[in-house]
Amino acid sequence: MLGPLQRLGRWGLGVFERLGRGHLFLLRILLSLGVAVTRPRLVIKELYSVGVLSLLIIAVSGLFVGMVLGYQGYITLVKFGAEEALGSVVALSLVRELGPVVTALLFAGRAGSALTAEIGLMKTTEQLSGMEMMAVDPVKRVIVPRFVAAFISLPLLAAIFSAVAVMGGYFIGVGLLGVDAGSYWSQMQANVDFYKDVMNGIIKSLVFGFVVAWIAVFEGHDTVPTSEGMSRSTTRTVVHSALAVLALDFILTGLMFGDI
Amino acid sequence: MTPHRGRLRLAGFVRRETPPSARAGIAHRPVQRFPPIDTQPHNDTLVEIRDLHFSRGGRPIFKGLSLKIPRGSITAIMGPSGTGKTTLLKLIGGQLKPERGQILVDGVDVHRQGLADLYRLRRRMGMLFQSGALLTDLSVFENVAFPLREHCKLPERLLRTLVLMKLESVGLRGARDLMPSELSGGMARRVALARAIALDPMMIMYDEPFTGLDPITMGVIVSLIKRLNDALGLTSILVSHDVQEASSIADYLYLISDGQVVDAGTPDELETIASEWSHQFLKGLPDGPVPFHYPAPDYLTDLTEGR
Amino acid sequence: MTTRTIEIAVGIFVALGLAGLFMLAMQVSNISEYRNTDGYTVHAYFNNIGGLKVRAPVTVSGVRVGRVTAIRYDPERYQARVEMTISANHDYLPADTQASIYTAGLLGEQYIALEPGGEDDVLVHGSEIYYTQSAFVLEEIIGRIMVNMTTH
Ligand SMILES: Nc1ncnc2c1ncn2[C@@H]1O[C@H](COP(=O)(O)OP(=O)(O)O)[C@@H](O)[C@H]1O
Ligand SMILES: [Mg+2]
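Those protein sequences? They're chains B, E and P, same order as listed. Residue numbering for the first sequence follows the working numbering, beginning at 1 and increasing consecutively. Residue numbering for the second sequence follows the working numbering, beginning at 1 and increasing consecutively. Residue numbering for the third sequence follows the working numbering, beginning at 1 and increasing consecutively.
Keep in mind the hints are simulated off the structure, nothing from the lab. This one's a predicted model, so the numbers in the text were calculated from it and none came from an experiment. Just so it is clear, CB atoms sit at the ideal spot from N, CA and C, and this is done for glycine as well. One or more hints might be untrue.
Computed footprint of chain P on chain B; a stretch qualifies when at least three of its residues, placed anywhere within it, have a C-beta under 8 Å from a C-beta of chain P [to be verified]:
1. 47-59
2. 159-173
3. 182-189
4. 197-203
Some chain B residues close to chain E (C-beta under 10 Å, calculated; not the full set) [claimed, not checked]:
5. T125
6. E126
7. S129
8. M134
9. A135
10. R141
Model the full assembly from the supplied sequences, consistent with the hints where possible.
Next up, the structure:
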């Protein structure tokens, strides 16, 4: 009868244990961040695999999301004769929400899982252990450059996503459905506030970048060194990143836009 | 690569050949920083393990293990799979912490060092992992260059010379541009060996260097270990369960089982004075003190119980 | 993949990201309003500002000349004090200019419309606009009409 309770308790303890280990690991990363400054080449190399290789999927997704927004926004707005407001509707939903959130979700799937798999494989094949024995700290040499690269990449990718999507909305709204080009841009500028909307969106993507980068490198470093362990930890990276991003988005939205 | 064709050229060994400038560049920090804990100076023991206790997942692996590894020799530590040989090497390298007991390397208690001192100590220890543990995203050349690039600021030309010399000493100078995925198991182990001697360590730990190799490659590795040890004045710790190969090159053997040293001696001594267990292990007999059967309840009752 | 190609690709990536940020700032948002902060600040008191918000436009004959920078309630005068910044090139507004709060469209945003007077002195930094007309509050007007209708 107490079986389920015990299992719940064990699960809870496991969660807290992992959280604790995750935070200790984060502390080690933060204490070793200096290496990103002293050896920028390591970060540049990771920026390639984390950022550049995510560029295509982010840009294409951005284009489609923007076009869908333009289309759906138009259908709704035209009922109220307010289709000039299309620009502000598209831009506000992008810079406040969709840009940071969708980019973070795609990024977790594309780059986060790859980071976890790569680090996990290095652990499984004893490459990390081997580095330690060569007196090279794997946290500095392997983890920190990847963490920093992911942290930098996400805000840049989110900005690219939003910019491309705004143009996607323009193609559909102005090019296809005949909204006036002037009002598309001027309504946008009149209603999107730089500090309140754009900056808050950037802050969101910085937070998401931090969290996704953290989860990805932690899961990789914490992998159980078997093939099953690796597949579990890559899955966990995607699932946990997605949940963390959505939950944090809710909290941040409340903090940033809750006062109106 | 057969042993006679890929003959090990001693000229390739670095200690003799390195120009003074290179030696200065990669000179080890003075060891004297660490005050010897042992009282007697100039002792001949490089590694000493005292009363080591360690357990994993609640299961004790070492229960009061003690042994000494003399300088300049090849010492083999042998035991069945799962006795904790890899664990022992990781304990010596400071990657794991014992629950009780001490491990002294060159008079320094490995587990009483700060991280910086531990890393400094590790630069003088080479370790050859069972899998080779080559960095898969770097070429053979870059793998050997890796510890040099990380620890010494060398001009690129000097670095190239050093790396090629290390590769030459394991006979793989021609394979410098291959990626680790293109190497056979024996070649990967030789590259890892070249990498392990890149920083001119005082000792090398070999984890199961013979497993999974064909006889020819095995012969290459066996003679490499012997020759490197003699030419570089290294101390070698060889962990293995391959009785034949290990005893053919080892100066001294330790047999460990159940967390303790069971027998120790030169290969010849063990031949004659080994205990019953060691006899079974060394001769590879299927039954003896280590029973053929995993502990189980009585066979007949077990079979009839299900009714 | 040589180091050089990787570095170039990363350079392009970072440049694209910064271009995206730049576009969001310049083309999508109203940062241009924040940029030309060189201008002069005047204030005015209103009995009722309706739904006027900070950053609402300030116009002359419908042409935008500045924006509202601060709104607070003055407990001594029992009035709302509205501060607005007017760009430096519109330095010709007479001292007796009138400020009114209007609504753009039936349900749109509220803004301040300035109507130049005839004096020779002009508004300068720190001036007060004395002639003001409060926001048009629908309920108030309806209420007044009802009173008029019942008294007549
Ligand atoms: N990471 C680990 N966690 C828990 N137990 C381990 C771990 N690694 C090894 N072990 C256990 O420790 C024992 C010794 O392992 P190991 O040192 O690899 O043995 P050997 O190298 O002699 O074959 C084995 O029984 C193994 O199951
Ligand atoms: Mg082992």
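Going through the hints against the structure:
Counting residues of the region 47-59 of chain B whose CB lies closer than 8 Å to any CB of chain P gives 5, which reaches the minimum of 3, so the coverage claim holds. Proximity of the region 159-173 of chain B to chain P, defined as three or more residues with a beta carbon under 8 Å from a beta carbon of that chain, is established by the 7 residues found. Given a C-beta distance limit of less than 8 Å, the hint that chain P covers the region 182-189 of chain B holds, as 3 residues qualify and 3 suffice. Counting residues of the region 197-203 of chain B whose C-beta lies closer than 8 Å to any C-beta of chain P gives 4; at least three are required, and the coverage claim holds.
For T125/B, the suggested interface contact is upheld, since its CB lies about 6 Å from the closest CB of chain E, less than 10 Å. For the restraint placing E126/B at the interface with chain E, the shortest Cβ-Cβ distance is roughly 4 Å, inside the 10 Å limit, so the hint holds. A hinted interface residue such as S129/B counts as satisfied when its beta carbon comes closer than 10 Å to some beta carbon of chain E; here the least separation is about 7 Å, so the hint holds. With a cut of 10 Å, the hint placing M134/B at the interface with chain E holds, because the nearest CB-to-CB distance is about 5 Å.
Proximity of A135/B to chain E holds as hinted, the smallest CB-CB distance being about 4 Å (cut-off 10 Å). A cut of 10 Å between beta carbons decides the hint on R141/B: the least distance to chain E is about 7 Å, and the hint holds.
In the structure shown, no violation is registered for any of the earlier numbered hints.
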